[in-house]
Amino acid sequence: ILRNLQPDTPYTVTVVPVYTEGDGGRTSDTGRTLVRGLARNVHVYNPTPNSLEVRWDPAPGPVQQYRVIYSPVAGTRPS
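First residue of the sequence shown: 1, per the UniProt record's numbering; consecutive thereafter.
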């Protein structure tokens, strides 16, 4: 596990095997860290005439609370 990386940042990771005779060939891949505090897999389900249930996978780290913001699709966002 590579730690202490910056959020929302692309990284190239290269692995080089080291032998007593010298280094072997390099192999690389790229990846991008997630945006800090991103809750994932948000799902809205079980609609009734006046309610919706919502669930999500927790954001990484010690989250203190979640703020859920909602508005009608045709309406404006709350201020």
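The reader is advised that the hints may include incorrect statements.
To be verified - Derived Cβ-Cβ restraints for the label pairs, each shown as a range:
#, residue 1, residue 2, range
1, H43, P7, 21 to 29 Å
2, R67, N4, 26 to 34 Å
3, H43, G22, 34 to 42 Å
4, A39, Y19, 29 to 37 Å
5, S51, T30, 23 to 31 Å
6, R67, R3, 25 to 33 Å
7, T12, V44, 19 to 27 Å
8, E53, G22, 30 to 38 Å
9, D29, G61, 35 to 43 Å
10, D8, D29, 38 to 46 Å
11, G22, P58, 42 to 50 Å
12, Y11, P49, 45 to 53 Å
13, V54, D29, 31 to 39 Å
14, G37, A74, 44 to 52 Å
Note that these hints are calculated values from the structure, not bench results. No residue lacks a Cβ here, since even glycine has one placed at the ideal position from N, Cα and C.
(message) Please list, smallest to largest, the hint numbers that this structure does not respect.
(response) 3, 4, 5, 7, 8, 9, 10 and 14
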